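Trainee: Single-letter residue listing:
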Amino acid sequence: MDAEAAALLGKYLGAGLACLAMAGAAIGVGNVAGNFLNGALRNPAAAREQTATLFIGLAFAEALGIFGLVVAMLLLFAV
Amino acid sequence: MAEAAGEESYIHPMDQFLIKPLFGDGPVGFLTITNSTLWMFIAVGCVAALTIFGTSSRALVPTRMQSVAEMMYGLVRKMVEEVAGHGAMAYFPYIFTLFSFILFTNLLGMIPTSFTPTTHIAVTATLALAVFVTVTVIGFWKHGTRFLSLFWPAQAPLALRPVLAVIEVISYFVRPVSHSIRLGANIMAGHAVLKVFAGLFAMVLAGGLGPVAILPLGAMVAMTALEVLVAVIQAYVFAILTCVYLHDALHLH
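Protein chains in written order, with this note's numbering: chain D, 17 to 95; chain Z, 4 to 256.
Calculated directly from the structure, the hints in this document are not laboratory data. Hints are not guaranteed to be accurate.
[Stated by the list, open to error] Cβ-to-Cβ under 8 Å is the rule here; a few derived chain D residues that face chain Z:
#1 Phe-71
#2 Ala-75
#3 Ala-79
#4 Leu-85
#5 Leu-91
#6 Phe-93
[Said to hold, decoys possible] With a cut-off of at most 25 Å between alpha-carbon atoms, the simulated SDA-like pairs for lysine to any residue come out as follows:
#7 Z/Lys-23 / Z/Ala-201
#8 Z/Lys-23 / D/Leu-91
#9 Z/Lys-81 / D/Leu-53
#10 Z/Lys-198 / D/Leu-36
#11 Z/Lys-198 / D/Leu-90
#12 Z/Lys-81 / D/Phe-71
#13 Z/Lys-23 / D/Met-89
[Said to hold, decoys possible] Label pairs and their calculated CB-CB ranges:
#14 D/Gly-26 / Z/Asp-18: 18 to 28 Å
#15 Z/Asp-18 / D/Val-95: 33 to 43 Å
#16 D/Gly-55 / Z/Ala-228: 20 to 30 Å
#17 D/Thr-67 / Z/Pro-160: 28 to 38 Å
#18 D/Ala-61 / Z/Ala-93: 23 to 33 Å
#19 Z/Val-172 / D/Leu-29: 26 to 36 Å
#20 Z/His-89 / D/Val-95: 39 to 49 Å
#21 Z/Arg-164 / D/Asn-51: 28 to 38 Å
#22 Z/Ala-228 / D/Asn-51: 21 to 31 Å
#23 D/Cys-35 / Z/Thr-129: 20 to 30 Å
Remember, predicted model here, so these are calculated numbers, not experimental data. Every residue gets a Cβ at the ideal spot worked out from N, C-alpha and C, and that includes glycine.
When you get a sec, could you build the whole thing from the sequences and use the hints?
Mentor: Shown next, in the form of structure tokens:
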């Protein structure tokens, strides 16, 4: 295999591997939403006030997966 | 988008994000009117129309337009009061502007063949950097050098404080990065997935597998519904994170 083909192979492998970050984000987002639902069903009266906190938690958990996606996009289209 | 592909029948899913000048084929300069700026102007026009015509009659029983404007106002007002805390109402107009602009650019981008400026990091980074600079200036203006105590967690054990301070400084400067990339990449990824399914649909049809094409078509419809939801949630998240950062600057944790 010549150097160019190896570089291309590495590029696509790296892009695919970077997408594994989204698995972590999925676990994180599921944790946040699941625990919110858990608490909300125990005490529905307090749930409405906490939706803002829920969305902040979701946003922070999701951002890290999005970073992985950006790395994949950079590898595919910019490198 | 279709004509950009030329004689090739295959349309690249990233083609929709190309910035093109509206008039002529010249290079894109600082003042060139492109499809991106056009859709930003349309979004600003829609926001202005909604807020001006929505509140012009001020009826006790609101019309549909007035109740939409009131709902948006109420949502953002409640968010600023709850998340940014006491004394943040002075910055309500800024957060409402951010929210309505992002909401309308996202939603207008869901119209087929339109352009979504918020898919571009250049646009979202400008918005996020504006928030970052504003919040930092407000912090120094309100608290002077005491604002730096934000990076020095006084409740933590003394031995841990320098380590935590380094982490706090890094996380403070990563804020605009994550703030902008979250919005840009979410919207961009959604639109790219839509176009991937659309390309799949065209490929299946061209391949002569007629009835199978219902699968990518159904996926496209479902993704469109999801993307409308994401468009609203991402505008909400951008505004709420602005409130969180503002709360830090106003109240120092």
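Trainee: So, for every hint listed, does it hold in this structure?
Mentor: Hints, verified against the model:
1. Phe-71: Where the cut-off is 8 Å and the nearest Cβ of chain Z is about 6 Å from D/Phe-71, the hint holds.
2. Ala-75: holds, 4 Å
3. Ala-79: holds, 5 Å
4. Leu-85: holds, 6 Å
5. Leu-91: Because about 14 Å separates D/Leu-91 from the closest Cβ in chain Z, which is outside the 8 Å limit, the hint is violated.
6. Phe-93: holds, 7 Å
7. Z/Lys-23 / Z/Ala-201: holds, 22 Å
8. Z/Lys-23 / D/Leu-91: holds, 24 Å
9. Z/Lys-81 / D/Leu-53: Between Z/Lys-81 and D/Leu-53 the Cα gap is close to 22 Å, so the pair holds against 25 Å.
10. Z/Lys-198 / D/Leu-36: Judged against 25 Å, a Cα distance of about 22 Å means the pair holds.
11. Z/Lys-198 / D/Leu-90: holds, 19 Å
12. Z/Lys-81 / D/Phe-71: holds, 14 Å
13. Z/Lys-23 / D/Met-89: holds, 21 Å
14. D/Gly-26 / Z/Asp-18: 18 to 28 Å: Given about 26 Å between the Cβ atoms, the range holds.
15. Z/Asp-18 / D/Val-95: 33 to 43 Å: At 19 Å between Cβs, range violated.
16. D/Gly-55 / Z/Ala-228: 20 to 30 Å: Cβ of D/Gly-55 to Cβ of Z/Ala-228: about 28 Å, so the range 20 to 30 Å holds.
17. D/Thr-67 / Z/Pro-160: 28 to 38 Å: holds, 34 Å
18. D/Ala-61 / Z/Ala-93: 23 to 33 Å: Holds, at about 32 Å.
19. Z/Val-172 / D/Leu-29: 26 to 36 Å: holds, 35 Å
20. Z/His-89 / D/Val-95: 39 to 49 Å: holds, 48 Å
21. Z/Arg-164 / D/Asn-51: 28 to 38 Å: holds, 30 Å
22. Z/Ala-228 / D/Asn-51: 21 to 31 Å: holds, 26 Å
23. D/Cys-35 / Z/Thr-129: 20 to 30 Å: holds, 28 Å
Taken one by one, the earlier hints fail for this structure at numbers 5, 15, listed in ascending order.
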